[in-house]
Structures are given as C-alpha cells and as structure tokens.
Amino acid sequence: MSDQLYQERIVELAKAKTGAGKLAAPTKSARRDNPLCGDRVTIDVRLDGHGRIAEIAHQVRGCLLCQASASALASVAVGRDLAGIATLRHDAERAIGRKEGEAGEPFSAFAPVAAHKSRQECVLLPFEALKEALS
Amino acid sequence: MSFDVAGTRRQFPILSAIIDGKPVHYLDNGASAQTPDAVLDAVRIYETTGRANVLRGVHRLAERATESYEKAREEVASFLGVPPTEIVFTGGCTAAINLVAYSYGSLLKAGDRILLSELEHHSNIVPWQLLRARSGVEIDMIPVTVDGRIDLAALPRLLTPRTKLVSLAHVSNVTGALVDVRAVVAAAKSVGAKVMLDGAQRAPHGPVDLPALGIDFYVFAGHKAYGPNGIGVLWAKAEHLDAMPPFMGGGSMIGRVTFAETTWAPPPRRFEAGTPPIGPAIGLGAACKWMAALDWSAAHAHEMALVQRLMDGLQKIDDTRLFGPASLQNRYPVVSFMLDGVHPHDVAQTLDSFGVAVRAGHHCAQPLMDRFDLDGTTRVSMAPYNDNTDIDALLTGVQHAARTLR
Ligand SMILES: Cc1ncc(COP(=O)(O)O)c(C=O)c1O
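For the record, the sequence lines run as chains A and B. The first sequence runs 1 to 135 under our numbering. The second sequence runs 1 to 406 under our numbering.
Chain A extracted, bound-state conformation (with noise of 0.2 Å):
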C-alpha cells in the first residue's frame, strides 16, 4: 500500500516547487516545525489592502509530502484571504480523509496519504504556518 504514497502527481507537485524560495519584502511570514518528524516551513506572504495574498513564497526542510503540499498550496493562495486558505485547507483534509466529502483539486492528489496516519500532518504543515503568517 505505500508503494502507491508516492504516486506521481505528489511527487510531480513536489518537483513543481511552485513558489518556493523567498520574498524580498513580506508584509507577514511565519515558520512552522513539526517537533516529531522536524519538518520545518517557513512561509512569507505580501499583502494587499485588503489582507488578500498577493504574493507567496515557502521554504521547506522537510518531506517530499510537505513539500508537495506548500507547492500546491502557493499554486492556489494568491488573491486569497485567512478565510479563503481555511477552505482550501477544508479540501487539503477531505484529500486526508479527516474530513468528508470530496477534495477539489489541486488537493485531491493527497488522496494516497489517508492511509498513512504518520504523515498526515505533513501535509498540513504549511497550512499552519500560512494561518500564522495571515494572522
């Protein structure tokens, strides 16, 4: 079962690396570690005047899963406010399976980490420190 964990859209979204790197002048940034498996993101965002992303940028010392996620979570974050990354974080869980119903994309491609409790918050990592970083 987990020769499927890396199916290829994940590692393709990983590879992708979508807004990685840094922002040369954040309004807001925020680094989150996973003290288990010590993955760490580090997230900067520019604002616009009504507290929507304009811009993105992630860093990650982490897993190819964590990496995937801050990749296609950037992909999608742009124009987005707290409220809009709490739904697409909702969709990041459905694709985890801890929460129902169907996940939109691009999170649906996480749908193989349900079966692998352990690194179900790799996935979730980035959402928690773009949460922190919009807060």
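Among these hints, one or two may not hold up.
[Unchecked claim] Straight-line alpha carbon distances no greater than 20 Å define the calculated EDC-like cross-link-like pairs of lysine to aspartate or glutamate that follow:
#1 B/K289 <-> B/D140
#2 B/K189 <-> B/D209
#3 A/K117 <-> A/D33
#4 A/K22 <-> A/E100
#5 A/K17 <-> B/D340
#6 A/K117 <-> A/E100
#7 A/K117 <-> A/E128
#8 A/K117 <-> B/D209
#9 A/K117 <-> B/D352
#10 B/K189 <-> B/D140
#11 A/K17 <-> B/D375
#12 A/K28 <-> A/E55
#13 B/K22 <-> B/D340
#14 A/K17 <-> A/E100
#15 A/K15 <-> B/D375
#16 B/K289 <-> B/E70
#17 B/K289 <-> B/D352
#18 A/K15 <-> B/E74
#19 A/K15 <-> B/D20
#20 B/K316 <-> B/D209
#21 A/K28 <-> A/E100
[What the hints assert, rightly or not] One side of the interface only, derived from the structure: several residues of chain A facing chain B at Cβ under 7 Å:
#22 C37
#23 G38
#24 R61
Derived by calculation from the structure, the hints in this document are not laboratory data. All of these numbers come straight from a predicted model, not from anything done at the bench. For every residue, glycine included, the Cβ atom is placed at its ideal position computed from N, Cα and C.
Fit chain B with the ligand to the known structure of chain A by using the hints.
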C-alpha cells in the same frame, strides 16, 4: 567461526511473520529490538504460574514472584559483571538517567559541572538541563568529529576541577561509534569526575564487563536488548547508591515510616518505589541470559559483515552519503546515511513498501543534526538475527527511492 543466523532467526517468531503480505526485514533494532521465545516464555511462565506482587506477601505465588524478580536482577548483574545489590530496575533507560540526574544530581552544588557530548540522545541531555534549572549546575559539551565520534582531543580543555560527572553514550544511536572508555575514564579521574555511560545501544550487542571499564554509572533499556518494554536498568557503584537520596517515594523503598520521619531502605530497594514492572524485569533477566549464551565474537563478526555489505551497497548508489565512521573499528552495527535530494522520511516510507523497517529523522539527537546541518538521516540498525536478505532488500528499496523520488 561462522554464526548460526538461521538458528537465531528461528528463535524470534516475528521474523518469519508475513505482515500485510510482506516479509519482515527488521532493521530498526536501535529503536526497539525484537524478542525471542526465551523472553516470551519467561514472561508467560510468570504470568501463568507465579503472578503476584513482590516483597509483600507470604503466599506461595508472592514468594515465587519475588524469587523470579530477584533472579532476574542476578541475570542482569551477571551480564554486567557486577553484584546484584548494585542493580536498580527502572521504567526504562530514560527513567534510569533521570534517576541519576535527580538523586546523584541532588548531591551537586551550583557551579559544579556536567560534561556531555554533542551526539547524546535527548535523554542524556534534558535531565541534566532540568537539574541545571533546579540547582545551578553548568553543562559543558564535547564536540563531535566529522566522522561522528566524540572528539576526545577536546577533553583536557573541557574538564575542570568543578567537573563532577562525565556522561556519554557508550555507542552512538546515530553513528554507531563506540566511545574510547579507557581514555574518558583516565581523563575524568585526573580531575576527580565520575563517569556514566548510556549503554542503550551497546547492551544489545553482548555482555559488558563493567568492572574492567572503571566507570561509576551505567544505564540501558530492556526493549532494545531483546527484552520487554517498560523496564530499564541503572547500575551504580555501591558507594554512590548508598550516598544517593531516593528519586521517588512510596512503598517498598522505606525502612520505617512515621509522619514525623521516614527512613530509607538500602539500595537497590531505595530506588524502586512502588510495585515494579515485575513481568518486564523477569523478561529482561531472560534476555540477558539469552544474550550471555550467544557466541558474541561470531555474532559481532556477522553484524559487522552486514555493515560492510550495507556500506558497499550504499556507496554504489549515486548521491548517497554515509554519516559516521568509515571504518568498522570501534563501532557497532548502526549506520546512518543520506540520499541527496530525498528526505529521510521518504526513504524510510519507500523502504516500508519493501517490507524493510528503518528509522528516519533526527533520532532524538537534534544537537548532532544541527552541528552537521542535517534534516535527519536514515538509520539502519542491526541485530544478530539480521541477514543478507535484509540488507539486499534495503538496498533495492533505496535504489527505488533514488529512481522515483527525485
Ligand atoms: C543512546 C540512547 N540513549 C537513550 C535512549 C532512550 O531509551 P528509552 O527511550 O528506551 O528510555 C535511547 C533510545 O531511544 C538511545 O538510543
């Protein structure tokens, strides 16, 4: 002499199990080893023919339980070459270190110094930091060399007349490096410091001759040494145990209790408050007996041949880096490596899909990871029951991760 791996494997029921359709290639012995029939049987015999509390009953089951518990202490003592009165059963290795940090630590004064190393497990760091917060002792740290050994060249500079205790991993749980005990003891003695070794990763590889080492305190965990969970061992020289106040208070550790004053039982009872983990202690006694009966020169040669096969195989895979001693001298069968571009957790997860169990991450040694700026390593830790098929399955899995995950 060659080692009978097949015969050894047969004594460990889990090694022939098929789990989720996969064979068990268990290479995570540093986290917890598997347990042989001899241990399972000993625990079952206690639970089915002698289960009772110890020290507190006159009925025959209580007498049987007490006898088996004390017999286990003798087995552990003989495994370490010391008198049973110097063996304290604890809840684990971490519990044993905390006991020393609390009880022996209470004899130290503000400004006294404890010397640790950069490669210690968190359980040999944090209890000392708690002591520092309570009593104002200072902590010094011996750095680690690039090949993952404690750098003893730094000892003269770090030992001071205020250094009271040097506490080091006997064998590193990340790099497998064996510390040069003789050099540590000689240097520590020159300033009057005591020496404690954390034997968590050494005890699973055969009897330890503690008197020959000339140290003061030794600790290890039952579950890493083929015994049950929930049991660990503290050995300390009688003179230290005698001087140490209790860690926890309760039943069994007292001489006489009145509300005005309570006197302590002599060691080791003084440090075993409450009902101890009786079944686990009996299991650990059986594990020590099992280990003592193994031909360790052959077993060690076998383990190190596996290390060589593993290192040779990893070096053939592009962009793998070994972390730890390059040679097989003065090391035990723990091997850490990195596969560039693939996070250790992804390596371990991929290996799981091949039925191979390893540990990935910081291994409770974050200062060591920080020193080398590592996200973590993938750690392969072996026991005498591992064989070439385990190593080959692992190498196949690493090749697969290298091909698919980057
Ligand atoms: C070197 C070392 N010391 C201490 C420990 C702690 O052992 P336990 O968690 O069984 O108390 C471990 C195991 O994780 C270890 O490898």
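Structure-based check of each hint:
1. B/K289 <-> B/D140: Given pair B/K289, B/D140 is violated - Cα atoms ~38 Å apart, limit 20 Å.
2. B/K189 <-> B/D209: The given pair, whose Cα atoms are some 19 Å apart, holds under the 20 Å limit.
3. A/K117 <-> A/D33: holds (18 Å)
4. A/K22 <-> A/E100: With Cα atoms ~35 Å apart, A/K22 and A/E100 exceed 20 Å; violated.
5. A/K17 <-> B/D340: This hinted pair holds, its Cα atoms lying about 17 Å apart.
6. A/K117 <-> A/E100: Holds. A/K117 to A/E100 sits at ~16 Å (cutoff 20 Å).
7. A/K117 <-> A/E128: Cα-Cα ~17 Å, so holds.
8. A/K117 <-> B/D209: Given pair A/K117, B/D209 is violated - Cα atoms ~43 Å apart, limit 20 Å.
9. A/K117 <-> B/D352: holds (14 Å)
10. B/K189 <-> B/D140: Satisfied, since the Cα-Cα distance of roughly 17 Å is no more than 20 Å.
11. A/K17 <-> B/D375: Distance of about 18 Å is within 20 Å: holds.
12. A/K28 <-> A/E55: holds (11 Å)
13. B/K22 <-> B/D340: violated (27 Å)
14. A/K17 <-> A/E100: violated (29 Å)
15. A/K15 <-> B/D375: At roughly 18 Å apart (the allowed maximum being 20 Å), B/D375 and A/K15 satisfy the hint.
16. B/K289 <-> B/E70: Given pair B/K289, B/E70 holds - Cα atoms ~14 Å apart, limit 20 Å.
17. B/K289 <-> B/D352: Cα-Cα ~32 Å, so violated.
18. A/K15 <-> B/E74: The hint is violated at about 58 Å.
19. A/K15 <-> B/D20: violated (30 Å)
20. B/K316 <-> B/D209: violated (38 Å)
21. A/K28 <-> A/E100: Judged against 20 Å, a Cα distance of about 32 Å means the pair is violated.
22. C37: Check passed: Cβ of A/C37 comes within 5 Å of chain B, closer than 7 Å.
23. G38: holds (5 Å)
24. R61: holds (5 Å)
When each numbered hint is compared with the structure, violations occur for hints 1, 4, 8, 13, 14, 17, 18, 19, 20, 21.
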